[in-house]
Amino acid sequence: MLFNPKYIKDDWVKKKGSSQLMQIDEYQTEVTEGVTTGWGINTAPRKYNGKVWCNWINKNNALVTEPFLESELEPVKWPEETAKIR
Numbered sequence: 001m002l003f004n005p006k007y008i009k010d011d012w013v014k015k016k017g018s019s020q021l022m023q024i025d026e027y028q029t030e031v032t033e034g035v036t037t038g039w040g041i042n043t044a045p046r047k048y049n050g051k052v053w054c055n056w057i058n059k060n061n062a063l064v065t066e067p068f069l070e071s072e073l074e075p076v077k078w079p080e081e082t083a084k085i086r
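Numbering (our numbering), first residue to last: 1 to 86.
The hints are simulated quantities; they were obtained by calculation from the structure and are not laboratory data. Careful, some of the hints might be misleading.
Stated by the list, open to error - For each label pair, taking beta carbons as the anchor points, the in silico distance ranges come out as:
{"no.": "1", "residue 1": "Val64", "residue 2": "Pro5", "range": "17 to 25 angstroms"}
{"no.": "2", "residue 1": "Thr36", "residue 2": "Asp10", "range": "35 to 43 angstroms"}
{"no.": "3", "residue 1": "Lys9", "residue 2": "Trp78", "range": "15 to 23 angstroms"}
{"no.": "4", "residue 1": "Asp11", "residue 2": "Gly38", "range": "34 to 42 angstroms"}
{"no.": "5", "residue 1": "Gly38", "residue 2": "Lys15", "range": "42 to 50 angstroms"}
{"no.": "6", "residue 1": "Gly38", "residue 2": "Pro67", "range": "34 to 42 angstroms"}
{"no.": "7", "residue 1": "Gly38", "residue 2": "Trp78", "range": "47 to 55 angstroms"}
{"no.": "8", "residue 1": "Trp39", "residue 2": "Asn61", "range": "48 to 56 angstroms"}
{"no.": "9", "residue 1": "Ser71", "residue 2": "Trp39", "range": "35 to 43 angstroms"}
{"no.": "10", "residue 1": "Gly38", "residue 2": "Lys77", "range": "45 to 53 angstroms"}
As the list claims (entries may be wrong) - The calculated EDC-like cross-link candidates involving lysine to aspartate or glutamate, where the alpha carbons are at most 20 angstroms apart (straight line), are:
{"no.": "11", "residue 1": "Lys14", "residue 2": "Asp25"}
{"no.": "12", "residue 1": "Lys9", "residue 2": "Glu26"}
{"no.": "13", "residue 1": "Lys14", "residue 2": "Glu72"}
{"no.": "14", "residue 1": "Lys14", "residue 2": "Glu70"}
{"no.": "15", "residue 1": "Lys51", "residue 2": "Glu72"}
{"no.": "16", "residue 1": "Lys47", "residue 2": "Asp25"}
{"no.": "17", "residue 1": "Lys16", "residue 2": "Glu70"}
{"no.": "18", "residue 1": "Lys6", "residue 2": "Glu26"}
{"no.": "19", "residue 1": "Lys6", "residue 2": "Asp25"}
{"no.": "20", "residue 1": "Lys51", "residue 2": "Asp10"}
{"no.": "21", "residue 1": "Lys6", "residue 2": "Glu70"}
{"no.": "22", "residue 1": "Lys77", "residue 2": "Asp25"}
{"no.": "23", "residue 1": "Lys47", "residue 2": "Glu26"}
{"no.": "24", "residue 1": "Lys15", "residue 2": "Glu70"}
{"no.": "25", "residue 1": "Lys9", "residue 2": "Glu70"}
{"no.": "26", "residue 1": "Lys16", "residue 2": "Glu74"}
{"no.": "27", "residue 1": "Lys15", "residue 2": "Glu66"}
{"no.": "28", "residue 1": "Lys77", "residue 2": "Asp11"}
{"no.": "29", "residue 1": "Lys6", "residue 2": "Glu72"}
{"no.": "30", "residue 1": "Lys9", "residue 2": "Glu72"}
{"no.": "31", "residue 1": "Lys15", "residue 2": "Glu72"}
{"no.": "32", "residue 1": "Lys9", "residue 2": "Glu66"}
{"no.": "33", "residue 1": "Lys47", "residue 2": "Glu70"}
{"no.": "34", "residue 1": "Lys51", "residue 2": "Glu70"}
{"no.": "35", "residue 1": "Lys51", "residue 2": "Asp11"}
{"no.": "36", "residue 1": "Lys9", "residue 2": "Glu74"}
{"no.": "37", "residue 1": "Lys16", "residue 2": "Glu26"}
{"no.": "38", "residue 1": "Lys77", "residue 2": "Asp10"}
{"no.": "39", "residue 1": "Lys16", "residue 2": "Glu72"}
{"no.": "40", "residue 1": "Lys51", "residue 2": "Asp25"}
Cβ coordinates follow ideal geometry from the N, Cα and C atoms, glycine included.
All chains should be modelled from the sequences, with the hints used to inform the complete structure.
See the structure below:
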């Protein structure tokens with residue numbers, strides 16, 4: 001099955017129902033059972049597990065990186081209320 005990502009690295013997203021802006025870092029994959037080729041080379045195929053790693057700055061100005069299910073995220077439509085400069 002072909003993997004078709006909904007977002008790409010550095011896209012801005014937020015968790016559904018939240019105003020916390022986050023930036024996509026990478027898609028999380030898992031190593032699946034490998035295959036040994038005719039030449040004795042072991043392969044380690046990977047598959048997407050539905051999670052996306054996102055970065056944001058918390059209230060203590062620390063960088064937070066956390067995985068979310070892609071289905072829990074929605075794209076940010078600019079301009080967002082949270083993007084206004086005070």
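Hints versus structure:
1. Val64 - Pro5: 17 to 25 angstroms: For Pro5 against Val64, whose Cβ atoms are near 22 angstroms apart, the range 17 to 25 angstroms holds.
2. Thr36 - Asp10: 35 to 43 angstroms: Holds, since Thr36 and Asp10 (Cβ atoms, about 37 angstroms apart) stay within the stated range.
3. Lys9 - Trp78: 15 to 23 angstroms: This hint holds: roughly 18 angstroms between Cβ atoms.
4. Asp11 - Gly38: 34 to 42 angstroms: 41 angstroms, holds
5. Gly38 - Lys15: 42 to 50 angstroms: 46 angstroms, holds
6. Gly38 - Pro67: 34 to 42 angstroms: 37 angstroms, holds
7. Gly38 - Trp78: 47 to 55 angstroms: 52 angstroms, holds
8. Trp39 - Asn61: 48 to 56 angstroms: 52 angstroms, holds
9. Ser71 - Trp39: 35 to 43 angstroms: Between Ser71 and Trp39, where Cβ atoms are some 40 angstroms apart, the hint holds.
10. Gly38 - Lys77: 45 to 53 angstroms: 51 angstroms, holds
11. Lys14 - Asp25: 13 angstroms, holds
12. Lys9 - Glu26: Holds, because 6 angstroms separates the two Cα atoms, which is no more than 20 angstroms.
13. Lys14 - Glu72: Satisfied, since the Cα-Cα distance of roughly 9 angstroms is no more than 20 angstroms.
14. Lys14 - Glu70: 11 angstroms, holds
15. Lys51 - Glu72: Holds: Lys51 and Glu72 sit about 9 angstroms apart, inside 20 angstroms.
16. Lys47 - Asp25: Holds. Lys47 to Asp25 sits at ~17 angstroms (cutoff 20 angstroms).
17. Lys16 - Glu70: Satisfied, since the Cα-Cα distance of roughly 10 angstroms is no more than 20 angstroms.
18. Lys6 - Glu26: 12 angstroms, holds
19. Lys6 - Asp25: 13 angstroms, holds
20. Lys51 - Asp10: 15 angstroms, holds
21. Lys6 - Glu70: The hint holds at about 8 angstroms.
22. Lys77 - Asp25: Roughly 19 angstroms between the alpha carbons, so the hint for Lys77 and Asp25 holds.
23. Lys47 - Glu26: Distance ~14 angstroms between Lys47 and Glu26 Cα, so the pair holds.
24. Lys15 - Glu70: With Cα atoms ~9 angstroms apart, Lys15 and Glu70 stay inside 20 angstroms; holds.
25. Lys9 - Glu70: Holds, because 13 angstroms separates the two Cα atoms, which is no more than 20 angstroms.
26. Lys16 - Glu74: 6 angstroms, holds
27. Lys15 - Glu66: 12 angstroms, holds
28. Lys77 - Asp11: 11 angstroms, holds
29. Lys6 - Glu72: Since the Cα atoms of Lys6 and Glu72 sit roughly 12 angstroms apart, the hinted pair holds (cutoff 20 angstroms).
30. Lys9 - Glu72: Roughly 17 angstroms separates the two Cα atoms, so the pair holds.
31. Lys15 - Glu72: 6 angstroms, holds
32. Lys9 - Glu66: Status holds; Cα separation ~14 angstroms.
33. Lys47 - Glu70: 14 angstroms, holds
34. Lys51 - Glu70: Satisfied, since the Cα-Cα distance of roughly 6 angstroms is no more than 20 angstroms.
35. Lys51 - Asp11: 15 angstroms, holds
36. Lys9 - Glu74: 14 angstroms, holds
37. Lys16 - Glu26: Given that 20 angstroms is the threshold and the Cα spacing comes to 19 angstroms, the pair holds.
38. Lys77 - Asp10: 15 angstroms, holds
39. Lys16 - Glu72: At roughly 6 angstroms apart (the allowed maximum being 20 angstroms), Glu72 and Lys16 satisfy the hint.
40. Lys51 - Asp25: 11 angstroms, holds
Consistency note: the structure conflicts with none of the earlier hints.
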